[in-house]
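Asks: Okay, here's what each chain looks like letter by letter:
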Amino acid sequence: MEWENSSYIIKHRAEKVFSIARYVFLIPVGFILILLICFQIFLGQYFYNLAEQNRSRMFITFAPRGAIYDCNNVLLTDNRPWIRVFYYPFEENKMESVQTILDVLPESKKKLFYGIKTQRIVSLSEDLSRDKLFKLLSLRHRLSGILVTTEFRRRYLYNETFAHLIGYIGELTYNEYLSLKSLGYKYTDFVGKAGVEKVYESYLRGTHGALVMEVDAYGNPTRLIKKIPPLPGYNIQLTVDAELQKVARQALAATGKNGAIVGIDPRNGAVRILVSYKDFDPNMFISLSSDRKTFLTDKNLPLLNRCLQGMYPPGSVFKPLIAIAALNENYITPTSFNVYCKGEFVLGNKIFKCWEKKGHGYMNLHNAMRLSCDVYFYNLALKLGIDNIEKYSKMFGFGTKTGIDLPYEQPGVCPSKKWKLEKLKTAWVDGDTVNVGIGQGYITVTPLQLAVFTSAIANRGIIYQPYTIEKIIDLKGNVIYKPDIVKKNVLKIREDVWNIIEESMISVVNSGTGYAAHIPNITLAGKTGTAQNPHGTDHALFICYGPIKKGEIPPLAIAIVVEHGGKGGAVAAPIAKKIFSAFIGKNNSRDTASVWN
Amino acid sequence: MELTEIKLRVVKEESLFRKIVYRTNWKLIVTTVCLTILGFIMIYSSTINTGKSLMFLSKQSIAWIIGIILMILFSIINYQIFQTYYMFTYITAVVMLIIVLILGTPFRGTRAWIDLKLFSFQPSEIVKILFLLSLSGYLDKDWTTNEKITKFLISMLMLGIILILILLEPDISAAVVYFPVTLSIFYLAGIKKNLLISLFIYIILTGTLFILKTLLSLSNLSLLPKWLNWIYLCLLGKGKEIFILAVTVTITFAFIWWILYNLKFNILLNHLILGILIINLSLFSVVASAKFIKPYQQKRFIAFINPNLDPTDAGYQVIQTRIAIGSGKILGKGLFKGTQTQLGFVPEKHTDFIFSLIAEELGFIGSLIVIILYFFIILEGINIMTTSRDTYGSLVACGITSMFVFYFFFNIGMCLGILPVIGIPLPFLSYGGSNLVSSFISVGILNSIHLRKFTY
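Chains as they are written, first to last, in this note's numbering: chain D, 54 to 650; chain U, -15 to 440.
Everything labelled a hint here was simulated from the structure, so no lab data went into it. Since the model is a prediction, treat every value here as computed from it, not as a measurement. Just so you know, not all the hints are guaranteed correct.
[What the hints assert, rightly or not] One side only, chain D facing chain U, incomplete, derived with CB under 10 Å:
| no. | residue |
| --- | --- |
| 1 | Glu57 |
| 2 | Tyr61 |
| 3 | Ile85 |
| 4 | Leu88 |
| 5 | Ile90 |
| 6 | Leu277 |
| 7 | Ile281 |
| 8 | Leu284 |
| 9 | Tyr415 |
| 10 | Asn531 |
| 11 | Tyr534 |
| 12 | Thr590 |
Think of the CB as a built atom: it goes at the ideal place given N, C-alpha and C, for glycine as much as any other residue.
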């Protein structure tokens, strides 16, 4: 029917419908237009960023941690490839895969079935051996749902030997992660927890690189957008001598007792030996082995760095300090002060015994040092007074931290009148002075402090700040950092005093209590110590430096502490002999005057 | 002035060819051809990574050529013959659907395609035009009786038969388009307002109940109040609960009506019966819908309600297409350089989500071009509807225009995530021969109406 012929009512109605239809049909178009303006113009940047996030994925390439060498460029610590195998439950030929995995990795059965049961990714093997990896890869066609990843892991080549010097690395704790996040650490990163690894973390760590890949909807990389190469960590050369360290550690371990040995180069303060026993294998912390928990509960405290944290009474090795003080302050001359030792010393109603019960007879300074006569030094300390002893103790660095570049150092205790009044709320008495005179009583020192003291005697009055690293070098061999040699103190002590002390200390090794350290044709100077302590058998101590040649500063000064070892001359001195024998043997074999120059 | 000129031309008795060339609505034709050209470029862009873009383009080209030929053919054919033979047209549509149910090749669980060796063909695309023509023809027979309920019921029966056949395939997305088309034709044809409103309420109520059912199936039932649990059981329709609910609703409505009637409220019995019918019909439709809706469609519906619930699968599509459109910004990322679409974050980017590709690669400029072109098509549709010489032409033009509006709105709304993803293509742009051909036929019919508006 044509509109013209249709009735008025219908026509009129249709006109109305047409006018409404115009709006009804065009409103959706306008609505879509407004929506698109909102989405593409106002929210465009937001969606653009979302799309960018969608398409790019960052694959982190881990930076290998810097290697650590000893002073002769012997490799101590490096990285090795660490292969992990993951399994994710995958339906395709599941039975065959599981059978194959069980054939190659039978020990992973439990983890494998856990993964199948819970439909989760499980790590089948944390550290796969080469053989098993090849076996697994050769059976690849029968496997599905297997993922092999390779990462770098720290390797400590000498296991326990450098445990306390190099330290170890471990996984970040949550609090550490929060504080280090801004430096670009990932939560799964390892961080230095002790020793050089901790102190030089920022140099060793390097910077992670990344591959920014364009990925499709299934996560398959399609194209490389940006490549940030990883910056490997810097290598560190330590001042320590691996050979001597090994000898020292073996000698100390052979005694079966806990203890510490610190060896310092008196010419500059470089640490050549740093052994603390009982120790631990730092590799345990990397492999996430459960054994590491036993370190925390072991009664021998393997995690305690005794060189820096162990505080021992110095015993007789403190006597050279008393002698130096008395001579330098002109209280005595080598010949002016003689004492008759009858085996004991009476002060008021107290009796102080000499270690030699029957007594040494008439003693001059030289013999008193050589035979380590206690009575002589009781008298000398009393004559000197605690103020002078305190002054000289502080001069040699006792009671304060040496400032070595290793963490958690302890200062020890250097007693004085003021110290006792503050700490114990009682006044200083002469009996305390007498005790300090032979390195007993309130005084405690760390083996490192003893080594610094020994080295100061060897170099005649220069207190160097001990340091452990020679230099930090980048991959091309450029030196990035070289620590300054710091003279903390230059002692004003007369040359003749040094001569007297050195002479008497040489006689200790040649014909005195330290004869066990004697090596024919080699001049060593030393002092034995046997420190009484409330916990049991005496600590055995020995300080020693050499080999002494005229006009030269001796290249090595060591301090040895054997906890509850007994007599210093019998237990500690032989260790010194072994170390110096190794040192001399090494020098001879190389035909060089000094290995460390 | 104009009128006399045209009259003169008619007197001259121009040749058919000249008549068609002069009077064709070139605006409409050029706009659609422009859209298809853009469609070709975007289909090429979307399939560039598959390495099969030539295959896609050649298939689409064949459909394009067939479509153009059919468009010309339908322009030449006088559309009024569909009015005369509306019964025949309707029967053809029904037969086509029955044939596809018997001979159709299943694809993705739907028996909607007839494989003709060279290309496959989706009869429901043609059926929707045939239905539109026949429904208009039936209603155009006598406008004065259109207000009668019998006419409405017969029209609904016509729609119902077609819908049931389509839902037997089952093809939900093809069925949805019938509602706006039917509603708009009914409205123009002057079907009683009450009935129209009832139909509208039925659609809304069914949709709401369906959303409620989906929401309930998603939530933890043990935490919900008992009556909600009971309603969920009803909507599942597995036991007798649904009948109890239906009877309860009926009695309640009757009781309320009886009270109001006694209180002298002027409510007719018709209204009561209509209301009860609508509610019960909606209830049973929702129960029955479970048989037609496939699990993936259910999932897409869930994703539409809450995309974040299932961001890996169905919800993923909704989120990713929205990101694709937004990330195009004003100028777009450049042709063939869309990251969201080219890297596979947007699925079905050559068919249903082709608009995402345009919006991402050509930016707001590209989407504006699409909107303007569609605006022209819809505007021309409205013009043809209002200036048609006869009532039948107006009804057909109204149905076709509403179909284009629906496709345009639903498809882009789907891409923007404001409407559920149910596979509605964007005519002229989406890859798919049957849809392209049927869209060209629609344009041809519109042009045929336009051509003949001056013929006296």
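Asks: For a quick check of understanding: which of the numbered hints are violated here, in increasing order?
Replies: Structure breaks hints 2, 6, 7, 8, 9, 10, 11 and 12.
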